[in-house]
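K.L.:
Sequence:
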Amino acid sequence: MSRISVPTTARLPSSLRVNPSSTTVTKILSRLSRPSLISVALDWLDEDNLSLATPYLRPDQDDDEEEDDGDFYPPASSPEELREEYLSLQNRKGSKREILDRIVTGDWRHGVSLYQLAIADLQYLYDHPTSQKWSAYKIVPLKAPTEDDNGEVQPLEADKTSLYIPRFHPSLFLKSLQAQILPDIKAHYNLDRHKTLPLLILRIFVIDSPYNTPLSLSSTGNIDTGSKTILIAFPDGSPNIFISKPTSTGPTGASESKSLRALLVEGIPKALSLPRQRVTLQSTSLTTRNLEELLDRRGATRGNAAGGGWSIYADEKVKESPLSTVLPSPPLSDAAEEEERAVGDKKRRERPTVEERVNKRAKLVAQARFGDTARVGDGKGVERVDLVMEDVFKIEGDDADRMDIDGEDGEEEAWRPKVRLTFHGSHVFAGIRQLVECGVIDGERMPGWMTGEEGVTIGAVRNGRIRGHKGSGL
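Everything in the sequence shown is counted per UniProt numbering, starting at 1 for the first residue and increasing by one.
Heads up, a few of these hints could be off.
[Said to hold, decoys possible] Here are the computed distance ranges between Cβ atoms for each label pair: (1) L274 to P198: 16 to 26 Å; (2) K27 to H110: 11 to 21 Å; (3) K270 to D127: 30 to 40 Å; (4) K258 to R357: 49 to 59 Å; (5) L50 to P447: 53 to 63 Å; (6) L50 to V419: 53 to 63 Å; (7) L50 to V440: 54 to 64 Å; (8) R58 to D315: 54 to 64 Å; (9) S30 to R357: 55 to 65 Å.
[To be verified] Below, simulated DSBU-like cross-link-like pairs (lysine-lysine); rule was C-alpha separation at most 35 Å, straight line: (10) K258 to K175; (11) K133 to K175; (12) K418 to K363; (13) K175 to K143; (14) K27 to K143; (15) K270 to K317; (16) K270 to K228; (17) K363 to K394.
Because the hints were derived from the structure by calculation, they are not lab data.
No residue lacks a Cβ here, since even glycine has one placed at the ideal position from N, Cα and C.
Using the sequences and the hints, build the whole thing.
P.N.:
Quick look at the structure:
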């Protein structure tokens, strides 16, 4: 290890090793379960990853027995032998501490590389899909600069009418993104394909140091006190990207996390931009911990603009349309359905009670307003929705009907009390649907934004219509 560290603008190499006793290593590995730790160790020992995750092996000596005396985890002679050992651990019962101690004090006692930490960190994301809080951003191309009547060049503006799907080479993109990083911090980048979702995930690990040497990653260095991790997801064939909330190993303020995200929001468009084709990021006011919900709302699916009751048209297999002149043919029924229909016909002969008619009506209204969305267990839940009500409240008197609608006359007389609403739960819109089915909420008079069809979680309601934060939204 070199004794002199020189500041550099290069990024942190994947082969750079971190002391296994570091708090960062312990925190990342201890979050994983025993099966996940074994799976991660086998990934490290794969032939394609072995150059960046080389384990500690037995030196080539004749007296191997004396070398192993007093070693609780004797080193293996080859990666293949160590791989067989971890495969045998999969079939044995034991504690997580056994695997964790073997990795830290045994097989990788000489250090864990940044590449290994990236694999372990992403494995935790796959095991716990809701562990990160994501925000969706839309990639919007910028209009070409124009000149006014005085010959002055106007500033660039976002072209919201154009659709831009990013296409980039990973190495060139990372090189351009590294140029946007401040010189007093260093970052490590790792790209990985999501195991189950059509996503490309970029993990960025940042430390507060101008050096990229092992000395800067020592246990007494900045990795335990000033390191932060942020994830960026690129959905396939979509003009949107998802950015996670930065996480840190040590105590960091909210301002530092916001500054890191703001730096990326400003730097990613520059890295994606091409000559004469510049882009910017626009907030969509959609924040959730559920990646499947983000993909359904902002991915390459038909559900982007078909929320709520419009979701029945999002299925490509369904060809029904209210404009069709041919009535849809009912599906064929089997014997069980015929028997159930006979029981239903018998019940129809009996006069239903008022309560039964009300409950049936409420469920039909909920089906019409929500369609196939907002169902418990669909895996597309939103945990929180924050809204500000800016609707006009009528005041009795001569000027009662003078309403302020987008700056029209009567603005001074209109009363717009700001009422903040927060819906919180495991699946907010599924809970609202249940309230409609129970008759607690009037589904016929309920505004459309309560069904989630607008696709935003942060916004303001004005004149009955929702506007996303900073004017975003559908």
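K.L.:
Which hint numbers does the structure go against, in order from smallest to largest?
P.N.:
14 and 15
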